[in-house]
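Asks: Hey, can you work out the whole structure from these sequences and the hints?
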Amino acid sequence: MMAGDALLDAFIDANILVCVAYALWCVTRLLPGRLGLKSAYGTQLRLLNSVFLAVVFAPFIALAYSTLYRAGMVDQTNLNLSDMVIAHYLNGGFSMKASEFEGLILMREHFTQNVLSGVGWIALAAISLFVIGVVTGLMRLICSMLCLYRIVAGSYAWRSFGRLRIRLSDRTLIPFSTRGWRNYYVVLPSHMLGQPDELKVSLAHEFQHIRQGDLEWEILLEALKPLFLLNPAYHAWKRQVESLRELNCDSHVLMRGRIEVRTYCDTLLSVCQQALRRDRAFVIAVPKVTLVTADRATIGFGKQSFLERRILSLINSRRQARPRLVYMAIVFPMIFAIFATAVSIQRPGDWSHDRIMLSTVVNLERMDEINRLSTFGRIRN
1 MMAGDALLDA FIDANILVCV AYALWCVTRL LPGRLGLKSA YGTQLRLLNS
51 VFLAVVFAPF IALAYSTLYR AGMVDQTNLN LSDMVIAHYL NGGFSMKASE
101 FEGLILMREH FTQNVLSGVG WIALAAISLF VIGVVTGLMR LICSMLCLYR
151 IVAGSYAWRS FGRLRIRLSD RTLIPFSTRG WRNYYVVLPS HMLGQPDELK
201 VSLAHEFQHI RQGDLEWEIL LEALKPLFLL NPAYHAWKRQ VESLRELNCD
251 SHVLMRGRIE VRTYCDTLLS VCQQALRRDR AFVIAVPKVT LVTADRATIG
301 FGKQSFLERR ILSLINSRRQ ARPRLVYMAI VFPMIFAIFA TAVSIQRPGD
351 WSHDRIMLST VVNLERMDEI NRLSTFGRIR N
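Numbering-wise, the sequence shown is residues 1 to 381 according to my numbering.
These are calculated hints, taken from the structure and not from any lab test. Don't take each hint at face value.
Now the in silico label distances, taken between C-beta atoms and shown as ranges [unchecked claim]:
hint, residue 1, residue 2, range
1, L30, E109, 27 to 37 Å
2, I132, T67, 31 to 41 Å
3, M107, E260, 51 to 61 Å
4, H88, L146, 46 to 56 Å
Don't be surprised by glycine CBs; every beta carbon is placed ideally from N, CA and C.
Replies: Structure below.
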């Protein structure tokens, strides 16, 4: 039971941290001009990846802090959020019946206990949604990987360089890259052999994805997707990563100076037209990174399509001044906020003085209610 309790707490904390991280990211994007992030796609992508790693390691940081706190090896300032709210309530910060306030404070603890014991319709509904979500996500992931495997296995070997394999396929209309346990694969539509410009742009684009480590991040995000299938913040986060990944890749390819902007844009438009006649098996095949995605709208940009945004960013591209300085100035406060949140949302390990006082107030309130009802009964008699 203790192991199940710890796992459920970790799962709840992870979902909370993902929501907090995405909220911090949205706040950061409110001032893109002042922060120097408007066209700094690489910096934004590094920020997202760094904060995601902070979310992954935050529970371990919180566990280490709790252990040191109980051992008296760190400052004895209580950083638990529920304890701080209780102290604020006892100091007259807001008015509420003590029993109702205690019910709110203990809501998560009661929920976890009910889920672990399967008591109540809310707990059963939560368990059912979680099981359905995880099973659906795993089934989708397995089917997607099988589809991707069939596409790669059915393609033809064309070139190979070390761990890189370039293959040609008659089944896909869009260039993409993926990887196995050891080798990287770039799969190109066979018809591109007769179109040198499109072939050059596609290879440069997919090679850049491999250099940036985008495939590893895509695999990680897809692997975790079944666990966060019901968390909208995770899906929004993943779409942000996908969008910034493509914009960053576009800018890096053009910065090399080997491909003209017009050629690059013409290739995107041409491949996008091909994508409109896409094969369903290719759409669901993951994890992979493609040259274009025709059916993605840009979050936060109204009705502007993602392809339109990519082309505009290519036309108006410019270098960012002091990217490392901007990155360091933003990433440390965000990581600190994630770690502080992870520590503050942990369930308290023991009864603090404020919790004892709240329990005393609740008992006095209940005794007063009992005495009042008893007095009312004697008056009636």
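Asks: Looking only at beta-carbon atoms, does the pair L30, E109 fall within the given range of 27 to 37 Å?
Replies: holds, 35 Å
Asks: Evaluate the given range 51 to 61 Å for the C-beta pair formed by M107 and E260.
Replies: holds, 60 Å
Asks: Could you see if the CB distance from H88 to L146 stays within 46 to 56 Å?
Replies: With a Cβ separation near 54 Å, H88 and L146 satisfy 46 to 56 Å, so the hint holds.
Asks: Can you tell me whether the CB distance of I132 to T67 sits inside 31 to 41 Å?
Replies: holds, 36 Å
Every hint from the earlier list agrees with this structure, and none is contradicted.
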